[in-house]
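What follows is the residue order along each chain.
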Amino acid sequence: MSKNKYAVNERGYYGRFGGAYIPELLRANVDELRENYLKIINSEQFKKDYKRLLDNYVGRPTPLTKVGNLSKRYGTNIYLKREDLTHTGAHKINNTIGQILIAKYMGKNRIIAETGAGQHGVATATVCALFGLECIVYMGALDIERQAPNVARMKMLGAKVVPAISGNQTLKDATNEAIRDWIANPNSFYLIGSVVGPHPYPDMVTRLQSIISKEIREQLTIETGNPNPDYVIACVGGGSNAAGAFYHYLDEEDVKLVAVEASGLGVNSGETAATITIGDVGFIHGSKTMLMQDEDGQITEPYSISAGLDYPGVGPLHAHLAETGRAQFLSVTDQEALDAAMILAQSEGIIPALESAHALAALEQIRFDKDDVVVVNLSGRGDKDMETYMKEINNL
Amino acid sequence: MNRIDQLFQNKGKDILSIYFPAGYPNLNDTVPNLQLLQDKGVDLVEIGIPFSDPLADGPVIQIAAKQSLDQGMSLKLLFEQLKDVRRSITMPLILMGYWNVVFKYGVDAFLLDCQNCGIDGVILPDLPLEEYEEEFKAKFESHGVYNILLVTPQTTKQRLAKIEKAAKGFLYMVSSSATTGGALEQSTEREDYFKKVASLDIPSLIGFGIHDKASFQHASGFSNGAIIGTAFIKALAGGTASEFVDSLL
Ligand SMILES: Cc1ncc(COP(=O)(O)O)c(C=O)c1O
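Each protein sequence line maps, in turn, to chains A and B.
Using this note's numbering, you'd call the opening residue of the first sequence number -12 and step up by one each time.
Using this note's numbering, you'd call the opening residue of the second sequence number 73 and step up by one each time.
Bound-form chain B, shown alone (with noise of 0.2 Å):
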């Protein structure tokens, strides 16, 4: 079974999910991270595959994302770096990153290498769910590697539906329309979009402003858990990274 699958069976609430480009802040310490994260009880990592032109995000993430691209930080550095992992990390792993990097690396070697290094799933924001569903969903699938869907506030209801069926593992509900790093919106109007997702037949985490204990029992509330991404990275950057996992426990 899909570790991803397995999570959401065994832990089904308060699942905290966080994100930090691969290679940051220091070329070395995507493993040591993945590490840390474990031993403080985090359930699932996304690790960020770093671009040069990551239009979903924030001035936060794409700063760290250009250091450690000049640090020298690639996808076949990554994979190189993942190679033992599941030696060690037992927690679902998933890769996030621009669909140009992926297919640039080849479809099928980034899949086999997904496979061979334990990750679970992707999630790439910028491949379209036709595209991925006419070209690649078979691919995808004899992997074993999830393709983790996103939904917005904006997401029509017809839409929600589509993505509901084609949805595995579980749905990225983005809490606003931002780029990554924002506010965490609080109003009815943004619950009831909560609510709304949370009914649907798969689980889903809540991302995009989380960023302390409160705004992640917030989101919790109305999810399987939620993810932490701009927030755990000023941590890693300050140097305080462990205080900060605790901080959220």
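Same shape as in the complex, but just chain A (with noise of 0.2 Å):
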């Protein structure tokens, strides 16, 4: 398949976003990364090594199943790619496996992650213990007050959790704090969480949740006689999950990808995450790509109730996608994701993360033929959110 109009050029971009706008300082340790990771991919060794992982670890192919009573309610046919049912209960762990295999070839034995919710924390802890690797994971202070199990899970696994309390003390700052590790320690390598950072980083991750869609196409060919849906609908933070979703579709111009973004208490609030939304053009983590920010350039703090879309940029990619018009943007707030994770959870028997919920949300946005085939990434699951779920309950 060409991928020539949404690809990645060799300098980073996706159209005028991407590129590597970092210091001096990390150029090296950037390049290093820059100039193995297709080697290192698109090796034998890798492909085989990724692939038995995936299978055997992280319990993959996971499964695309079609919800009946969802389907019914919204006057379609709707299929959930379940995520949610990976090892660690999340699509990070797709990402991690693949960072880390890269790292272990490139004979890093040190790593540094950052999180906001945790569940990239926790996935990176995973795969480090599984290769019994240093595992150093940032999580803004506050951050780490609101998840809890979280922090506790990456413990168990042997990480040390280090409180980033710079800035506002969230996803943004523990972010800055990974790359400041990585700046004074060169010979370590930075596990990114998403399709965030200088190139290669937004590329890599990429490729690495590719699989999503890939399997995506192989199931919907069973199931439907046709690999590709009429819409593909995901949640995006920094946009990992979206983007390994939309990766096999962005050239087949007839699927409808459907992004969606956390908007908090409303996108005119203040209180807000909705990136492509309410944000201009800047540069954010080594990427130029869309962020939020005041008219001084000074990056603002977002809001929202789901810590995995709590992010003030986006990943270049998807800049590129919104301004191209090739994704819908689409955002839903806190409570419209409470009320679709309660819908899923009692016409399904499906408890999904918030960040999906959010996804799950768009849903009511859209009017759908009854013919359509409608594939929404639940990109994790619902257990690290309970604490929220049952303050909801308990308020109905």
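No wet-lab data here; the hints were simulated from the structure.
There's no promise every hint is true.
Said to hold, decoys possible - Over the 10 Å line for every Cβ pair with chain A, so calculated as not near, a few chain B residues: (1) Leu99; (2) Asp111; (3) Gly113; (4) Gln258; (5) His290.
To be verified - In silico contact screen, one side only, chain A against chain B (beta carbon under 7 Å); selected entries: (6) Tyr8; (7) Glu11; (8) Arg167; (9) Ile170; (10) Ala171; (11) Ile265; (12) Gly269; (13) Phe270; (14) Asp283; (15) Gln285.
No residue lacks a Cβ here, since even glycine has one placed at the ideal position from N, Cα and C.
Using the supplied hints, reconstruct the complex from the two chains, each of which is provided in its own coordinate frame.
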């Protein structure tokens, strides 16, 4: 399949977005990765190791579940791509398995990561335990408080969780701290959690997550005789699960791609994470992309009930998909996401992650045809969000 | 002639450069700080443009930048503060900041304001050399603003050659693999790196980890001088800026 229009160029740009806007202090680190990642990913050894681990450790392929009650509710044909059923409970592990192999082939034995909700931190701690590598996870001090169960999981897995106390003490600050650690420790491997950061990270993470759409194509072919659905819907924080779910459909222009951002208390409330909707062009964590900033170019703090969508930027691929109109960007409030989570739980017996609930809530905003085939990427399970869900149930 | 070139021509060694964030410790301290530094005999000053996400900076500069932002500092206000700075300040002045703030301000407006205020150079650590050369170099040159480039111990030979060719004024030689505010590592490996950069066709100043007279002199032994940031900010915070600069000279 040709991937021209939406593919990254050799300088790391998707259209006018991307690149590697990094201080010279990081240049050698990033160059080393850039010079190696494609060679490794395309090697037979990597392909074999990656597939074996995805099959036998992560639990792939994940099912594509046709959800009858939800289909009836929206008058169409809805399938869920079940990333919630992976080991550790979210799509994040597709990426960490791949990057840990790359780190290993590059001879790195100290791993740095950032985490917001803790899902990427857990997925990183997991693969570090598996490979016996030292693991340091930066996490905003505020997020450490909000996401206690995931902090406990990381610790049990042997990772060192370091609170990021700069800025507003959330994901953006944890990312800054992780990058600073990498500056001070050039022999470490920075294992980034989404399709963000300087080139080659957005491309590398997209490739590692592209297994999601590869499987959807195979599964839909069996299910409907056609690899292409009418819609693919995914939530976007940094954008990795969406990038993976969209990847093999990027050049199939008849497949509508829908990216769902978290609008928090509402896009104009000042308490939002709807980057594409309210942001503008800027530079964050080494990438030229869309971001939320004030008129002086200071990056503003996002808000969403979902810690995994609480990021003021978005991957450069998504900025490009939004600008070209290839993907439609919708936004969903906290309350709409909570409602969608309740609906899925009670109609299908599946408790989604709050992030994934945003993708489900978008079903309310689209008029489907009864013959449409709609795939929603269920990026993760809701175990980590039970405290938030219990509050909602007790308020009903 | 650009004041930076003039400085390196007139005074080849022991050049003392000081960094502090604009609007720190108090919002209106930018110009008074410059006056103090000039009166004490400092050669060159880098004024930091505070940013919410200073990737290359350690905790001291992060906290100072945040304080300055919380007090209402912005690039727009900085240019207002510097409007008449050339009436009293003759040292070369450099603005140091992150690319997002400059980009948001507008590159053309930024360069014009730099020129109007008498800013001689800028340090924009996260603007890559390639993007600078392709998109912005002509503009910088037409406004007479030098883009000061960084090199680090990890900078490869090929890249160093490329940077040397593109560099203006001086090279900012980062002393070690660290964010600002770390310690100055003294090793033969480090000294070889200093010597390699010092042998290039462009002057250099060593920065990161220079914090007192001894480390200043050590660094100046390998280059044209050195840059002190974190230690000066600590002195500003403690109200001992004047004594601190005295102790260096
Ligand atoms: C279940 C789940 N979905 C989605 C996300 C958002 O990340 P991304 O946009 O990179 O897929 C997260 C992040 O923590 C997550 O845990």
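The hints, checked one at a time:
Remark: the non-interface label on leucine 99(B) is consistent with the geometry, its nearest Cβ contact in chain A lying 14 Å away (cut-off 10 Å). For aspartate 111(B), the non-interface assignment is confirmed: its Cβ lies about 31 Å from the closest Cβ of chain A, beyond the 10 Å cut-off. Interface exclusion of glycine 113(B) from chain A stands, the closest Cβ pair being 30 Å apart, more than 10 Å. With a cut of 10 Å on Cβ distances, glutamine 258(B) stays outside the contact zone with chain A, its closest approach being about 17 Å.
Distance check for histidine 290(B) against chain A: the nearest CB is about 21 Å away, which clears 10 Å, and the non-interface claim stands. Given hint, tyrosine 8(A) at the interface with chain B, holds; its Cβ is 5 Å from that chain's nearest Cβ, closer than 7 Å. At its closest, the beta carbon of glutamate 11(A) sits 4 Å from a beta carbon of chain B; the interface hint therefore holds under the 7 Å criterion. For arginine 167(A), the interface hint holds, since its Cβ comes within 7 Å of a Cβ in chain B; the closest pair sits about 5 Å apart.
A distance limit of 7 Å between C-beta atoms decides the matter here; for isoleucine 170(A) the minimum to chain B is near 6 Å, and the interface restraint holds. Satisfaction of the interface hint for alanine 171(A) is found here, the shortest Cβ-Cβ separation to chain B being roughly 5 Å, below the 7 Å cut-off. The beta carbon of isoleucine 265(A) is not positioned within 7 Å of any beta carbon in chain B (closest approach about 15 Å), and the interface hint is therefore violated. A hinted interface residue such as glycine 269(A) counts as satisfied when its beta carbon comes closer than 7 Å to some beta carbon of chain B; here the least separation is about 5 Å, so the hint holds.
Among the interface hints, the one on phenylalanine 270(A) holds; its C-beta lies about 4 Å from the nearest C-beta in chain B, closer than the 7 Å criterion. At about 4 Å, the closest approach between the beta carbon of aspartate 283(A) and any beta carbon in chain B falls short of 7 Å, and the interface hint on this residue holds. Because the beta carbon of glutamine 285(A) sits about 4 Å from the nearest beta carbon in chain B, less than 7 Å, this interface hint is met.
Of the numbered hints listed earlier, the single one contradicted by the structure is hint 11.
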